[in-house]
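Note that the working numbering has the sequence shown beginning at 58, numbered continuously upward.
Hints were generated in silico from the structure; no laboratory data involved. Backbone N, C-alpha and C define an ideal beta-carbon position, used for all residues, glycine too. One should not assume that every hint holds.
Beta-carbon label-pair distances, calculated as ranges [what the hints assert, rightly or not]:
no., residue 1, residue 2, range
1, Ser260, Leu349, 37 to 43 Å
2, Gly241, Asp382, 54 to 60 Å
3, Gly413, Val649, 25 to 31 Å
4, Trp651, Phe331, 56 to 62 Å
5, Ala593, Ala627, 44 to 50 Å
In silico DSSO-like pairs for lysine-lysine, Cα to Cα no more than 30 Å straight-line [stated by the list, open to error]:
no., residue 1, residue 2
6, Lys579, Lys190
7, Lys370, Lys418
8, Lys527, Lys418
9, Lys193, Lys306
10, Lys388, Lys294
11, Lys388, Lys190
12, Lys261, Lys71
13, Lys187, Lys261
14, Lys71, Lys527
15, Lys294, Lys306
16, Lys190, Lys71
17, Lys418, Lys294
18, Lys388, Lys418
19, Lys388, Lys71
20, Lys370, Lys187
21, Lys259, Lys187
22, Lys294, Lys261
23, Lys418, Lys579
24, Lys527, Lys294
25, Lys527, Lys370
26, Lys306, Lys261
27, Lys193, Lys259
28, Lys579, Lys193
29, Lys190, Lys613
30, Lys370, Lys71
31, Lys259, Lys370
32, Lys259, Lys190
33, Lys306, Lys370
34, Lys187, Lys71
35, Lys306, Lys190
36, Lys259, Lys306
37, Lys261, Lys370
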Amino acid sequence: MDIEVTSVTRHPEKLNDTASAIQVITNEEIRRSGATCIPEALRLATNLEVAQIDSHTWAISARGFNNTLANKLLVMIDGRTVYTTLYSGVYWDVQDVLLEDVDRIEVINGPGGTLWGSNAVNGVINIITKAAKDTKGLYLSNSVGTTLHDSTAIRYGGEGQNFQYRAYGQFFERGDTVMANGQGGNDSWSMGQGGFRFDWDKSKTDNLTFQGDIYGGSEAQPNASSLGMSGDNLMAKWSHAVSDTSDLKAQLYYDHTYRDYGPSITDDLDTLDFDFQYHLLAGNRHDIVWGLGYRETMDSFMGNQELAFLPPKVTNNLYSAFFQDEIQLIKDRLKLTLGSKLEHNDYTGFELEPSGRLWLKLSPQQSLWGAVSRAVRTPSLVDRDLYSPATPPYFLGGGPNFVSEDEIAYELGYRIQPSPRLALSVSSFYNSYTNIRSLEEETPPLPYPIQIGNGLEGSTYGAEFTANYKLTDRWQLRAGYTHLRVSLHSQLGSTDTSAGGNESHDPNDQFSLHSSWDLTAKTSLDAMFRYVSAIANEQVPAYDELDLRLAWSPQKNLVLSLVGQNLLHANHAEFGPVMERQYIERSLYGSVTWRF
58 MDIEVTSVTR HPEKLNDTAS AIQVITNEEI RRSGATCIPE ALRLATNLEV
108 AQIDSHTWAI SARGFNNTLA NKLLVMIDGR TVYTTLYSGV YWDVQDVLLE
158 DVDRIEVING PGGTLWGSNA VNGVINIITK AAKDTKGLYL SNSVGTTLHD
208 STAIRYGGEG QNFQYRAYGQ FFERGDTVMA NGQGGNDSWS MGQGGFRFDW
258 DKSKTDNLTF QGDIYGGSEA QPNASSLGMS GDNLMAKWSH AVSDTSDLKA
308 QLYYDHTYRD YGPSITDDLD TLDFDFQYHL LAGNRHDIVW GLGYRETMDS
358 FMGNQELAFL PPKVTNNLYS AFFQDEIQLI KDRLKLTLGS KLEHNDYTGF
408 ELEPSGRLWL KLSPQQSLWG AVSRAVRTPS LVDRDLYSPA TPPYFLGGGP
458 NFVSEDEIAY ELGYRIQPSP RLALSVSSFY NSYTNIRSLE EETPPLPYPI
508 QIGNGLEGST YGAEFTANYK LTDRWQLRAG YTHLRVSLHS QLGSTDTSAG
558 GNESHDPNDQ FSLHSSWDLT AKTSLDAMFR YVSAIANEQV PAYDELDLRL
608 AWSPQKNLVL SLVGQNLLHA NHAEFGPVME RQYIERSLYG SVTWRF
């Protein structure tokens, strides 16, 4: 609980001192889990819903509203928002961070709009990579197996006077999942990516970072031509210590994403983003952070006769400002955090996202916290501009008056560390939603056209439990349990009849148990068991699975490992409608890692 996190307040603080439901996935936990991509690594956060749909597609959410186009979870990589304006969500298949370079992943359940803005509705995931000084030397890795056919990575890091750098490249090929009849799902996946990072300690008070990535790949699709994707990003950061009690940070990044769905359907997105923040300790009681931001997105979607976005080219601007004050009511015992973010977008104008958080230290070993927050999910191109077919009469049309989805969240949490070897935490929540996306019939009882609207409302509630227990110096257990209930219904005047079935596909219960055991000084065994209850409105049955990793290090710089994933069943389903459902198979792969 002493690990430092930055995503809750935008400045470092101990996890135990945060007034938020947060979990941290460390680099060691990722390595020992045998995860081969970011979505697999996110299974280590017991407060997330992670469902694999096929070889290259995941549905990932927190506290409900999980679906193929999940849109209420904000994801960042080193401060760069991983976001598509197409549907306000994440293309998980192209977030191909070299896992060896991940320092930690901070996972916050609950609203984060006060600091991070719209779409941080039910949670925030912040993927933080290592500084270049921590990746010196040569790193080589190769894995081969049944589903993961091949995965190769190389990285080299070095240093000069007052600067450090690294460069990397990686490539992988994954095989098909299977259909219910046992035939291949025709969804194989391959991709390559490369990138660099350069850190310059210009002076004792100034630090500069430049980093970037470029990628390209291809995904097979059932009954369709392959999907091609490519992209690149470039980011610059500057941090400056103004004094012993204040500092400022600024970052600028450009991100380009291109996807070719075929035939004749492409999406080309360019994002330019600037962010500035100032942090100040004012006296003994006030810890203030404020900032400004600007983002421009330029999206060009070329459709065909069956599907179109009208207009096909859209440029949107987002302006933002935030302020937050952490007030020590009783020094190191009781603090109140108040703040809000003000944004202006081209669809709905101004949006205000305030929050209040209270943290109480009951004793050196235990703390209690509570929060009330407002967050919004602003309109995407799917909400406003999607039409099918491309010309009238339309079967489905975007809602020109679609407004932001609105959430009011209430949270209460408790943490205790009764001994140096045991840490426990629980967080509970109740969220109230209005203006949730719906499908509205224009002229009932005629079935067409259907327009996208804001006709749903409802609530979610539940609790999240986590426990970490170090049995011995060589053996550690981590357990998590989540209970969730989602209730959605039509608002007065809505003609939507789905009862939210299109927006939320969630299990009521999830349980996981991770065991990390160093058998000897050179051999380790890791096990990860998970249980996920049924997703009722998709008729996905409950399942349980087990992953195992056995690793041996015959010498300091060499690691050999054998990983088995989904070992309890030949295959199982995690998500998707019955007629199109694909099944995740049991798999095995071996890996060799060298460091020089």
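How the hints compare with the structure:
1. Between Ser260 and Leu349 the C-beta distance comes to about 25 Å, which lies outside the given range of 37 to 43 Å.
2. Under the hint 54 to 60 Å, the C-beta atoms of Gly241 and Asp382, about 57 Å apart, fit the expected range.
3. A beta carbon spacing of about 52 Å between Gly413 and Val649 contradicts the range 25 to 31 Å that was offered as a hint.
4. Between Trp651 and Phe331, the C-beta spacing of about 40 Å breaks the proposed range 56 to 62 Å.
5. Separation of Ala593 from Ala627 is about 24 Å and departs from the stated range, judged on CB atoms against 44 to 50 Å.
6. For the suggested pair Lys579 and Lys190, the alpha carbons sit about 26 Å apart, so the restraint of at most 30 Å is met.
7. The hinted pair formed by Lys370 and Lys418 fails the criterion: a straight-line CA distance of about 52 Å is larger than 30 Å.
8. Annotation: proposed proximity of Lys527 to Lys418 holds, straight-line Cα distance about 24 Å (limit 30 Å).
9. A C-alpha spacing of about 25 Å is found between Lys193 and Lys306, which places the hinted pair at or below 30 Å, so the restraint holds.
10. Only pairs whose Cα atoms come within 30 Å are accepted, and Lys388 paired with Lys294 is rejected, the gap being roughly 33 Å.
11. Annotation: proposed proximity of Lys388 to Lys190 is violated, straight-line Cα distance about 36 Å (limit 30 Å).
12. For the proposed pair Lys261 and Lys71, the alpha carbon gap of about 25 Å is at most 30 Å, so the pair holds.
13. Distance hint between Lys187 and Lys261 is fulfilled; the C-alpha atoms sit about 20 Å from each other, no more than 30 Å.
14. Among the hinted pairs, Lys71 with Lys527 is consistent with the structure: their alpha-carbon atoms are about 20 Å apart, no more than 30 Å.
15. Between Lys294 and Lys306, the direct Cα distance comes to roughly 7 Å. Compliance with the 30 Å bound is thereby established for this hinted pair.
16. Proximity of Lys190 to Lys71 is assessed by CA-CA distance (about 23 Å); at most 30 Å being required, the pair is judged to hold.
17. This hinted pair does not check out: Lys418 and Lys294 have alpha carbons roughly 35 Å apart, beyond 30 Å.
18. A threshold of 30 Å between alpha carbons decides the hint, and for Lys388 with Lys418 the separation of about 10 Å falls inside it, so the pair holds.
19. Of the supplied pair hints, the one linking Lys388 and Lys71 holds, its CA atoms being roughly 16 Å apart against a limit of 30 Å.
20. Taking the CA atoms of Lys370 and Lys187, the gap is near 37 Å; set against the 30 Å cutoff, the hint is violated.
21. Distance restraint check for Lys259 and Lys187: the Cα-Cα separation of roughly 19 Å lies within the 30 Å cut-off, and the hinted pair is therefore satisfied.
22. Pair hint Lys294 plus Lys261 holds up; C-alpha atoms about 16 Å apart against a cutoff of 30 Å.
23. Distance check on the hinted pair: Lys418 and Lys579 sit about 41 Å apart at the alpha-carbon level, beyond 30 Å; violated.
24. Restraint check: the Cα-Cα separation between Lys527 and Lys294 comes to about 38 Å, which exceeds 30 Å; the hinted pair is violated.
25. Restraint check: the Cα-Cα separation between Lys527 and Lys370 comes to about 55 Å, which exceeds 30 Å; the hinted pair is violated.
26. A distance of roughly 15 Å separates the Cα atoms of Lys306 and Lys261; the hinted pair therefore holds under the 30 Å criterion.
27. A C-alpha spacing of about 19 Å is found between Lys193 and Lys259, which places the hinted pair at or below 30 Å, so the restraint holds.
28. Between Lys579 and Lys193 the CA atoms are separated by roughly 23 Å; this keeps the pair inside 30 Å, and the hint holds.
29. Distance hint between Lys190 and Lys613 is fulfilled; the C-alpha atoms sit about 20 Å from each other, no more than 30 Å.
30. Between Lys370 and Lys71, the direct Cα distance comes to roughly 45 Å. Violation of the 30 Å bound is thereby established for this hinted pair.
31. Among the hinted pairs, Lys259 with Lys370 is inconsistent with the structure: their alpha-carbon atoms are about 41 Å apart, more than 30 Å.
32. Of the supplied pair hints, the one linking Lys259 and Lys190 holds, its CA atoms being roughly 14 Å apart against a limit of 30 Å.
33. In summary, the hint linking Lys306 to Lys370 is not supported, as the alpha carbons are separated by about 33 Å, beyond the 30 Å threshold.
34. The suggested pairing of Lys187 with Lys71 holds, with an alpha-carbon distance near 19 Å, which does not exceed 30 Å.
35. A C-alpha spacing of about 20 Å is found between Lys306 and Lys190, which places the hinted pair at or below 30 Å, so the restraint holds.
36. Of the supplied pair hints, the one linking Lys259 and Lys306 holds, its CA atoms being roughly 14 Å apart against a limit of 30 Å.
37. Proximity of Lys261 to Lys370 is assessed by CA-CA distance (about 46 Å); at most 30 Å being required, the pair is judged violated.
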